[in-house]
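Asks: Protein chains in written order, with the numbering used here: chain A, 26 to 313; chain B, 8 to 293; chain C, 317 to 566.
By construction, these hints were calculated from the structure, which means they are not laboratory data. Certain hints may be false.
Computed Cβ-Cβ distance ranges for the label pairs, DEER-style [to be verified]:
id, chain 1, residue 1, chain 2, residue 2, range
1, B, 283, C, 478, 17 to 23 Å
2, C, 373, B, 286, 42 to 48 Å
3, C, 551, B, 178, 39 to 45 Å
4, A, 227, B, 267, 15 to 21 Å
5, A, 153, C, 431, 31 to 37 Å
6, B, 91, C, 552, 52 to 58 Å
7, C, 535, A, 167, 51 to 57 Å
8, B, 178, A, 157, 52 to 58 Å
Note that the structure is a prediction, hence the values are computed from the model and not measured. Using N, Cα and C, we set each Cβ at its ideal position, and we do this for glycine too.
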Amino acid sequence: MQYEISLLTIMGISIIAALSLNLIVGFCGQISLGHAAFLGVGAYTSAMLTKAGVPFTAAVAASMLMAGIIGTVVGFTSLRVREDFLAITTMGVGFLFLGIVRKQDFLGGEMGIAMIPDPGLGKVGYLVLVLLLAATLALFSIYLKRSWMGFTFDAVADDEDTANLVGIDVSSYKLIAFAMGTAFAGLAGALYAHNIKFIDPESFGFVESITILSMVVIGGTGSVWGVTIAAGVLSIFPMWFQFIDDYKLLVYGGLLCMIMLFSPDGLSGIFGRFLNTIRGKNFNASGQ
Amino acid sequence: MLFFDLLVQGLLQGGIYALIAIGLTLVYGLLRILHVAHAGLYTLGGYIAILITNATGSFTLGITVSMVSVGFMGMVIYRLIYQPILEKPPFVALIASIGLFIAMEEIYRIVFGAYGITFADAPLQGTLNIAGIYLRHCEIGALLLAALLITSLSLFTRYSRIGIAWRATVTDPGMSQSFGVDVIKVRYLNFFIGSAMAAGAGSMVAVMNNLVEPTMGSVPSYKALAIIVLGGLGNVRGTVIAALIIGVAEAFGTIYLGNILDRDSIAFALLILVLMVKPTGLFSKG
Amino acid sequence: MLQVNNVTVVYGGVTAVMDVSFKVKDAEVMGLIGPNGAGKTTLMRVITGTVKPVQGTVFLESTPLEGKPPHKRIRLGIGLSQQIVHPFKSMTVLENVAFVAGHGKTGHPVMSVFRHSRAKEKQKAMEILHVLGIDKVAEAKPENLPLGYLKRLEVARAIALEPKILLLDEPLAGLNQLEARQLADKLLELNQLGHTILLIEHNLGEVIRICDQLVVIDNGMKIGQGEPHKVMDDAVVRSAYLGEGHHAAS
Ligand SMILES: Nc1ncnc2c1ncn2[C@@H]1O[C@H](COP(=O)(O)OP(=O)(O)OP(=O)(O)O)[C@@H](O)[C@H]1O
Ligand SMILES: [Mg+2]
């Protein structure tokens, strides 16, 4: 039972992380290859604060704020560079985060931070909290998609220049996407820190960024259900079957590559086409 | 003396980066794809060089076989991975490429083991004293190889017929088609040359470290991306200059910035600084 | 309404527009014509702010547009229909127009998250599609539609902004003769309802029929202005237009 509880907790945290990235990549169409850094910002903030005696709730709120602020700053770069550059810039931010944290003694350097305080909710209580937050974020995402903000994100993701020429303040919308996405990443990071109780720079490296991105892409960028399911399955799959753990990265890498080759809109795209076929509708197989 | 030591080490590292980054920037110029998996070929180059050298005792043969076979491997990747998705939005190819790169590293780990392989008898390990700076033969070899390959590339694109066609295509893919350039042939050539150069770099690094590990390409891969952006994507000369700058900046940065910034993130710090000031990179036309 | 003063545009050393000035009065249909490459689209871009002139100013009513980003200019009351169609490909035709019709709901980025009803905008979009005769394809994705429909979709979006002035860059291109005539009639109707229109168009027959005033540019320079028939009789204009002028006048 203990083991299942910890698996489900990790699953919930992964779902929050993936849904947070989905706000940026899926909804607003801005590629980000350094998302784990914002989980890192959240995790470090919350760990440092709770160790200094700040209550759990306040520390988590502060970690969201901190990650959101830094995310907005990174968002500003996104306004200045075009798409291909953005991929590399966000990746650079990820590496920069690692490079800086590794050298800061007050953040524990390479050794990281251990003995992060327990929030005192008990294992089950913490699991419930994580799942509730994940569900809230999923519902919020669904609402967002239907709101006029989501409508505008669609337009921005589709064609920025045209959105601008129908009166959309594209820059502000992009910044909002970055601010929201990175703040929720901060939440995921804080929850991770208080679950594992130990963090080090490597927990938020490039591979983690790509892992989160694979969840979004494999689920189907922009699809809340697809991303939630993909995050849930991909996060616990390797742990369930220990033998897969050894080949986890091979599976991730291979899946990423295959999905892009055969169905760039991910599982939700495959599912949608499947539904269309059984309903007998004709469909457009272009994948876009 | 420390100054010159650092400078030479920086240029050496920069030369290696340049060999890797040229292939990347060529692919970008031609297809607008960020070919992350390129560094997987660099690693593969190292493996093949060691395997062939150990089997035959000749490093010259090792590096030659490595460059040629990896060159073909690059063409295979283009054919199987990129060609089918050229028409899709750019992030599709980027993510496919990242996936491929991760999978390649994992395959190396599974096939050759996690701890990597070494030369049975590492070549070019003697040292030479040039004006007070000690360099190993392999380091001199790497510098020479970088200089040789980059110079021949620039001569090739300037004076040979197919080279000129190639350059025209990289500058303006649409334009050259109307001048009767065989775009498909140019793409294969592009992947062959870029991948072969990366394999050359991988082989030399294999000798210098006397080791090839599955993850040898990770750091250079991402750094090379930073370099080609600094160089103004698609611009070969800019890329070479940016590579040398990053190499030298790292050599000095490790000494002078060592306790605030990790060596491997210097390139990205520089990248972000430059993009803040000039969003199109250091050497872009625009 | 709209005032363009001494605008000069240089593209990397090549002068595309040279010291052009003109005024569009309230409730007027102004035609901006000239041979291919004359600089018409460039002038349009100067007005919307996607191209910076090296010299010159643009005023909408009495507001100077200089230094304002495109989206702010649009929201001051400019509705743009581009020469090269740019539909949002992920949306249906109806959604394309409804999205723009919701300009009041997207104006404040943060507040947009609190608004979710799309019913009114869809209804309004449907009306506009109906007026332009493309309501049959409301639920279609733009990808599969012929150019004539996409051109009218561009115009529909421009109208959905409820602008003070419509800037239309070759809206009739890609339409057959009948469709062109119908759309031109619609533009006239809109004009009679009080809309000001700046129309770039190669279809001189329709231009002469519906425009109150013409500005002719050639090679980046203004070579004529005035009432359509007078302008088209001008020797300079006729020679710039070669055969085209004769065809239109006949
Ligand atoms: N982005 C650009 N960069 C460089 N030159 C440009 C650019 N856009 C237009 N030009 C040039 O500026 C001149 C004016 O172009 P413009 O598109 O304004 O003409 P136009 O009057 O709209 O022509 P058409 O009737 O064909 O649409 C042309 O010579 C064109 O080649
Ligand atoms: Mg034009």
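Asks: Against each hint, give a clear statement of whether it holds in the structure.
Replies: Each hint, compared with the structure:
Taking 17 to 23 Å as the suggested C-beta distance range, the pair residue 283 of chain B and residue 478 of chain C does not conform, at roughly 39 Å. Between residue 373 of chain C and residue 286 of chain B, the C-beta spacing of about 27 Å breaks the proposed range 42 to 48 Å. Distance hint for residue 551 of chain C and residue 178 of chain B: a CB-CB separation of about 44 Å, consistent with the stated range 39 to 45 Å. A C-beta distance of roughly 19 Å is found between residue 227 of chain A and residue 267 of chain B, which places it inside the suggested range of 15 to 21 Å.
At about 33 Å, the CB distance of residue 153 of chain A to residue 431 of chain C agrees with the hint of 31 to 37 Å. Taking 52 to 58 Å as the suggested C-beta distance range, the pair residue 91 of chain B and residue 552 of chain C conforms, at roughly 55 Å. Checking the proposed 51 to 57 Å range against residue 535 of chain C and residue 167 of chain A shows it holds: the Cβ atoms sit about 55 Å from each other. Taking the beta carbon of each, residue 178 of chain B and residue 157 of chain A are about 56 Å apart, inside 52 to 58 Å as hinted.
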